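**Q** Chain A is already provided as a structure; the job is to place chain B on it using the hints.
Chain by chain, the residues run as shown.
Protein chains: 2
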Amino acid sequence: MSQKDKTTIYDISRKLNISAATVSRALNNSNRVSTKTRDLVLKTAKELNYQQNSLAVALKSGRTFNVGVVVPLINRAFFASVIRGIEEELEPKGYHVIICQTHEDADKEARQLQALLNTNIDGVFISVSKTTEDLKHLEAVLQAKTPLIFFDRKKDLKGVSAVSIDDFQGAYDAVSHLIEQGYSKIVHLGGDRKLNIYEDRYRGYIAALEAHGLSTQNLFTLQMSSTIESGIEAVNQLYDSKTDFDAIFCASDYIALGCVQELRSRGIQIPQEVGVVGFSNEPFTSHLEHPLSTVGQTPVLMGKMAAQVFLEQINAGKDSEPLEKNVVLKPELFTRSTSLKKGTV
Amino acid sequence: MSQKDKTTIYDISRKLNISAATVSRALNNSNRVSTKTRDLVLKTAKELNYQQNSLAVALKSGRTFNVGVVVPLINRAFFASVIRGIEEELEPKGYHVIICQTHEDADKEARQLQALLNTNIDGVFISVSKTTEDLKHLEAVLQAKTPLIFFDRKKDLKGVSAVSIDDFQGAYDAVSHLIEQGYSKIVHLGGDRKLNIYEDRYRGYIAALEAHGLSTQNLFTLQMSSTIESGIEAVNQLYDSKTDFDAIFCASDYIALGCVQELRSRGIQIPQEVGVVGFSNEPFTSHLEHPLSTVGQTPVLMGKMAAQVFLEQINAGKDSEPLEKNVVLKPELFTRSTSLKKGTV
Numbered sequence: 001m002s003q004k005d006k007t008t009i010y011d012i013s014r015k016l017n018i019s020a021a022t023v024s025r026a027l028n029n030s031n032r033v034s035t036k037t038r039d040l041v042l043k044t045a046k047e048l049n050y051q052q053n054s055l056a057v058a059l060k061s062g063r064t065f066n067v068g069v070v071v072p073l074i075n076r077a078f079f080a081s082v083i084r085g086i087e088e089e090l091e092p093k094g095y096h097v098i099i100c101q102t103h104e105d106a107d108k109e110a111r112q113l114q115a116l117l118n119t120n121i122d123g124v125f126i127s128v129s130k131t132t133e134d135l136k137h138l139e140a141v142l143q144a145k146t147p148l149i150f151f152d153r154k155k156d157l158k159g160v161s162a163v164s165i166d167d168f169q170g171a172y173d174a175v176s177h178l179i180e181q182g183y184s185k186i187v188h189l190g191g192d193r194k195l196n197i198y199e200d201r202y203r204g205y206i207a208a209l210e211a212h213g214l215s216t217q218n219l220f221t222l223q224m225s226s227t228i229e230s231g232i233e234a235v236n237q238l239y240d241s242k243t244d245f246d247a248i249f250c251a252s253d254y255i256a257l258g259c260v261q262e263l264r265s266r267g268i269q270i271p272q273e274v275g276v277v278g279f280s281n282e283p284f285t286s287h288l289e290h291p292l293s294t295v296g297q298t299p300v301l302m303g304k305m306a307a308q309v310f311l312e313q314i315n316a317g318k319d320s321e322p323l324e325k326n327v328v329l330k331p332e333l334f335t336r337s338t339s340l341k342k343g344t345v
Numbered sequence: 001m002s003q004k005d006k007t008t009i010y011d012i013s014r015k016l017n018i019s020a021a022t023v024s025r026a027l028n029n030s031n032r033v034s035t036k037t038r039d040l041v042l043k044t045a046k047e048l049n050y051q052q053n054s055l056a057v058a059l060k061s062g063r064t065f066n067v068g069v070v071v072p073l074i075n076r077a078f079f080a081s082v083i084r085g086i087e088e089e090l091e092p093k094g095y096h097v098i099i100c101q102t103h104e105d106a107d108k109e110a111r112q113l114q115a116l117l118n119t120n121i122d123g124v125f126i127s128v129s130k131t132t133e134d135l136k137h138l139e140a141v142l143q144a145k146t147p148l149i150f151f152d153r154k155k156d157l158k159g160v161s162a163v164s165i166d167d168f169q170g171a172y173d174a175v176s177h178l179i180e181q182g183y184s185k186i187v188h189l190g191g192d193r194k195l196n197i198y199e200d201r202y203r204g205y206i207a208a209l210e211a212h213g214l215s216t217q218n219l220f221t222l223q224m225s226s227t228i229e230s231g232i233e234a235v236n237q238l239y240d241s242k243t244d245f246d247a248i249f250c251a252s253d254y255i256a257l258g259c260v261q262e263l264r265s266r267g268i269q270i271p272q273e274v275g276v277v278g279f280s281n282e283p284f285t286s287h288l289e290h291p292l293s294t295v296g297q298t299p300v301l302m303g304k305m306a307a308q309v310f311l312e313q314i315n316a317g318k319d320s321e322p323l324e325k326n327v328v329l330k331p332e333l334f335t336r337s338t339s340l341k342k343g344t345v
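Going line by line, the protein sequences match chains A and B. If you're matching positions, the first sequence starts at 1 in my numbering and goes up one per residue. If you're matching positions, the second sequence starts at 1 in my numbering and goes up one per residue.
Looking at chain A on its own, in the form it has when it is part of the complex (with noise of 0.2 Å):
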């Protein structure tokens, strides 16, 4: 097909039968054309073949229909699925995502959160680093128009939606189902409480403790990074520090499988003599020989309600009030055969 016959606005126009400013503004998923006529107008768009020149759209709309996402670590499951959330529901109008990994480094964040601005995409969608303080980097964001979505792990700034899941309700149902199977010596491997993800699972397990009657003086809790290396360690210091305990709850699913590859080369037996529960419902957990007990955080959710407040805050228009959204998902416990000491429930 030759430039000459490329589909154009008018030929949608023609074939609708309306105002080729319509098609313009649909195609550019302005808020001031119906969702029917939207739809409409995009379906009759793929029909025809028609290509949006991506720069002219840009240069009009002041838009490029690109957004991006920065997470800590893109090999983590938890974070693909979010941004398969994300994909799944800006995708299908037009946006394209591209995306950063921080390693959990707060300058490395602060640079790529740059980059990203120098290519004038239309949104953020951001959780933050482990070692993140300083939010100059994200105020720039909002000094820049351009909307900032927190998902998961989010810090207090003014005028920035947040979606997460309540981290201290996953930790308090892991820890009531291990009391509830019979446990009673918990103790607890969390990660870096200045993130408050993990502030909230440590006080979602206190909680559990308390409304169960058990004791929380003297608690055998750590903080450590998400590894298993550091389970491991985990494990062979309560063991050093003679440390009774029944169960372990886990802030993290890498510390978990640390944890069980160290119990089980001490010949333990799990869930009988130890029960282990971790975080996150990372894909591998099902595929162990004993499927561990882990609190599911619906991830491809997580990324569409996010998707879906980015869209709100774009329909709003470039000069409205940023939103200040706060969606909190409900967690999901998967309890499998590492805690199940009374069998399955």
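Don't read these hints as lab results, they were simulated from the structure. Each hint should be verified, as a subset may be incorrect.
Note that the list lumps identical chains together, so a pair holds whenever it fits in one copy or between two copies.
Unchecked claim - Okay, derived cross-link-like pairs now, DSS-like style, lysine-lysine, Cα gap no bigger than 30 Å in a straight line:
(1) Lys304 / Lys130
(2) Lys158 / Lys194
(3) Lys46 / Lys154
(4) Lys341 / Lys36
Please read all numbers here as calculations on a predicted model, not as lab measurements.
**A** For chain B alone, kept in the frame of chain A given last:
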């Protein structure tokens, strides 16, 4: 620090007693300065907390210092590790790495590439999707005079460099290992052979059988997607068709994991009755109760090599002929419990 107090290239130039032009060239990774000088300038710039104005740099040099990496799926450890290799090589040189995933969809791949080109990236690294046949979108990158580098999954395209492992050799080594362990009826569960990597793994399998004097007549081989479910289904097919086999060489760790799960649920002893080898060395393979034998693809090294080829192209200048390097890395066989019929080798 106010705007006026900001470190400039003149501060660096004074400190090092070299010209501001040299500092500028060094900061812009020009090949007209020695590596030693460049490293010294970068070190001093860091010490003085020098902030380059990326947009100004982009306008002046025509470069954005953003590169794009396009992969089928970010949640495969292999791709995530290649990306880490690219980042490790390019970030110290001031580049930002932005990532897109295609979900194995050729149309999405074309749209992602166009979106990346619209952001004026300095280069594209790509591992093509399974469904990519038309190469127009890749040719468009070359027409934009943007360096394009294939890694792992490549296409035959003039003026494009590629970094891959020797998939033929990887398969050959894996199958030879099975034969040396005493297996002789080896079936192959492969990927779609339209992709060069799966064709090469298939050929390596056949060559190893021939080299060891085993018949290559009436072999049971299948092409399937790289999922656990495909592996389970394939084992069911093997038994349904009453195929006589004692080992399975899989072109993917996910297929291999499905095989192991289904064989075990049928009560088959691994490795005594059936041996299994996968491909990719995904991290879960070593966490399994019976760690999986597999072929490692040195993904971090692959990313680093791809980045080096990119830098070579950049340093040659925008108007130089595109390089056409073909870097082939050596695969690494990991022999673990699923294939060690005779015990540790």
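**Q** Should Lys158 paired with Lys194 be assigned to within, between, both, or neither, using CA atoms and 30 Å as the limit?
**A** within (19 Å within a copy, 51 Å between copies)
**Q** Checking Lys304 and Lys130: alpha-carbon separation at most 30 Å within a copy, between copies, both or neither?
**A** Intra 24 Å, inter 26 Å, cutoff 30 Å: intra and inter.
**Q** Can you give me the call for Lys46 and Lys154, within, between, both or neither, at a CA distance of at most 30 Å?
**A** between (38 Å within a copy, 29 Å between copies)
**Q** Indicate which option fits the pair Lys341, Lys36 if close means a Cα-Cα distance not exceeding 30 Å: within, between, both or neither.
**A** neither (53 Å within a copy, 63 Å between copies)
Checked against the numbered hints above, the structure breaks only hint 4 and satisfies the rest.
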